[in-house]
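Asker: Go ahead and model the full structure; you've got the sequences and the hints to work with.
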Amino acid sequence: MEKLGINLGFFIFQVLNFTVMVILLYAWAYKPIVRSLEKRREKIAQGMEDARVAAEARENAEKEAAKILAEAQGKAAQLIREATERAEAAAKDVRAAAEAEIAKARENALAEAEGERNRLLSDLRGQVAALAIAAAQKLVGEALDEKRQHALINEFFSGVKAGKVVVLEGAEVSGAAAEVISALPLTKDEQEAVKKDVLAKMGKQATVSFRVDPSILGGLVIKVGDKVLDGSVAAQLEGLRQSLK
Amino acid sequence: MSSEAKPKKRFHIKTTIILGLFALGIYAAFIGPSILKPISPVVVLPPEETGLEVFGFPITNTIAATLLTDILLIILAIFAYRHYRRSEEAPKGLLNAFEAIVEFLWNTVQGSAGKWAKRIFPIVATIFLLIFTANMVKLVPGFESIGRIKQVHEGTGYAPVALLHIGDFTLWTIDKGHPVEAEAHGEEHATATEEHAAEGAPCTACEVVPFLRGTATDINFPFALAVTTVLLTQVFGVWAQGPKYFEKFFQFKQLVNGGIFGMINFGVGLLEVVLEFAKILSFGFRLFGNIFAGALLLSIVGALTAVAVPAGLYLFEVFFGVIQAYVFFLLATIFLSGATVAHGHEEHH
Amino acid sequence: MEFNQFFVDGLKLLGAGIAMLGAIGAGAGVGIAASGGVQAMGRNPDAAPIIQTNMILGMAFAEAVAIYALAVALIIIFVG
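Residue numbers (my numbering), protein chains in the order written: chain W, 1 to 245; chain E, 1 to 349; chain S, 1 to 80.
Simulated DEER-style distance windows between Cβ atoms:
id, chain 1, residue 1, chain 2, residue 2, range
1, W, Asn60, E, Phe246, 52 to 60 Å
2, E, Leu19, W, Gly47, 49 to 57 Å
3, S, Ile32, E, Phe319, 20 to 28 Å
4, S, Val8, E, Ile300, 19 to 27 Å
5, W, Ala54, E, Ala100, 27 to 35 Å
6, E, Arg86, W, Glu56, 34 to 42 Å
Below, simulated DSBU-like cross-link-like pairs (lysine-lysine); rule was C-alpha separation at most 30 Å, straight line:
id, chain 1, residue 1, chain 2, residue 2
7, W, Lys31, E, Lys118
8, E, Lys118, W, Lys43
9, W, Lys43, E, Lys92
10, W, Lys188, W, Lys201
11, E, Lys118, W, Lys39
12, W, Lys43, E, Lys115
13, W, Lys195, W, Lys223
14, W, Lys31, E, Lys92
15, S, Lys12, E, Lys150
16, W, Lys31, E, Lys115
17, E, Lys115, E, Lys244
Please keep in mind that the hints were generated in silico from the structure rather than gathered at the bench.
Idealized CB from N, CA, C, for every residue including glycine.
Answerer: Written as structure tokens, this is what we have:
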């Protein structure tokens with residue numbers, strides 16, 4: 001063992017040296033260093049914890065803010081939508097009212113104009129009849145029975161002969177609405193007669209409207225759907241002209 | 001330009017220094033006078049006495065190196081103490097490195113010892129720091145080369161050459177070019193080769209006994225640490241578990257109740273006692289073997305090829321010094337913390 | 001007598017050398033331990049500290065065999 005160098009004295013010296021070093025280093029180095037390490041670690045952990053809490057708080061605040069913002073935005077959008085709807089509704093109402101007003105006014109004006117024209121035309125009718133009779137008397141040289149003459153003339157204008165509508169004789173019509181066009185306004189009785197005749201042909205549910213168009217000169221034109229029964233003088237004249245050619 | 005030129009310039013300076021050292025090594029080993037030539041080492045296991053004595057206790061060269069290591073560590077510790085008394089902040093420079101090492105050790109011990117870490121830590125950390133510092137210090141030039149010249153009594157010595165005279169003090173070196181065969185005692189004066197034995201030389205066939213030698217190359221140092229560690233393992237075992245700790249070694253319960261397997265377990269328990277002694281052996285010889293072999297390798301390779309190769313080996317030695325310190329520390333930590341945990345408990349994990 | 005002494009000294013050195021053959025197995029064992037440890041750390045880097053500790057422990061036990069061989073060799077040379 002001596003040659004290996006194992007020597008009790010040196011061995012004990014090394015053990016003592018180690019013990020002394022443990023004590024000295026523990027007192028001067030390990031204790032303060034480990035304490036400061038632990039303190040630093042605690043501080044870091046504390047800092048991390050603080051940061052985490054702060055981050056959490058901020059996150060919460062952000063979430064809250066986002067929620068509030070979203071709510072406000074929703075509310076604002078709803079308000080705007082409601083307002084827009086209301087405004088649109090109001091505008092629609094106004095426009096509809098205005099349109100209705102305008103339509104009514106125009107209708108009124110049209111009706112008035114029609115009435116005026118019809119009145120003028122019916123005034124004219126009497127005069128035209130008188131003129132026609134006078135001219136005929138001058139031409140024929142004999143006085144016709146005035147009553148008969150009137151009847152003839154009325155027949156001419158109204159196309160109604162002995163209470164029957166001439167154009168409807170033997171014609172088959174069907175439809176929901178009929179329009180009766182005359183050169184001069186028909187009298188009430190004539191209208192009634194025409195209406196009755198037309199309805200008799202077409203059935204009770206049909207409606208009949210009257211229109212005045214001086215360009216047909218005389219007689220009646222009855223339009224039912226796309227079917228036109230032309231008993232007007234203009235058409236007869238046209239037919240005459242065609243046959244004369 | 002200046003910012004780019006600086007590192008380049010420094011690089012050139014370093015290159016020049018390294019090449020100069022190489023040239024110096026080549027000159028000393030191959031061209032220069034024979035006194036500069038490296039000498040192949042004498043393998044000596046036991047620590048050599050430097051001639052100093054304190055209260056009759058001889059100071060060997062390894063003990064001197066141990067004391068040097070201690071002084072370095074104590075200076076560091078005092079600086080650390082002064083620093084940490086003032087502040088909790090991390091220090092700067094060398095102390096920071098010291099703190100980093102201590103922190104690393106502390107984390108390792110905490111990881112394996114748990115709540116016993118505070119009690120185990122001073123022991124294992126001192127083991128690490130002592131071995132680490134000793135291994136680093138022994139690489140400083142001058143270790144194992146500066147010393148007292150002494151007469152050899154057998155084998156080959158070398159003729160002494162005086163280098164410097166300062167008053168009464170003379171600086172000697174030995175001349176590799178003039179090996180001298182050592183003769184039997186008593187005749188040495190007569191057989192001294194006259195032309196080479198310089199005036200006033202203390203010896204004729206000389207060898208150098210270094211003042212400082214690596215601590216771990218003294219077998220007493222690793223064995224002192226190993227024995228202390230293993231003894232402390234038992235102490236910690238009893239401290240943590242009470243008398244139950246010894247059940248690991250003497251499993252009488254198993255012997256009585258366990259049948260044939262109980263007898264086997266009892267035998268295994270007795271083997272654990274042997275294992276404790278084996279621990280001392282492996283602890284001690286591992287450190288000693290590694291460091292001693294490293295030192296031997298360095299000096300032999302240095303004697304064979306004086307240039308460039310030893311530099312790489314020095315680097316290797318630094319690495320091994322750290323690794324051996326860490327291994328010793330880690331094993332001590334594992335054994336000490338293992339002793340604080342009940343044996344049967346451990347097996348279930 | 002003189003010759004026998006030299007013969008015995010030579011055989012001692014030879015015996016020490018043969019004793020160090022025990023380092024072969026230890027070297028292989030340490031290599032295997034390191035290989036396994038590094039593989040395990042590569043597969044599971046999170047467990048690196050535990051693996052490292054156990055790896056070094058295993059390497060130390062494997063190395064112990066080489067150390068016994070060294071002890072025997074030293075004893076043969078210096079003591080026997």
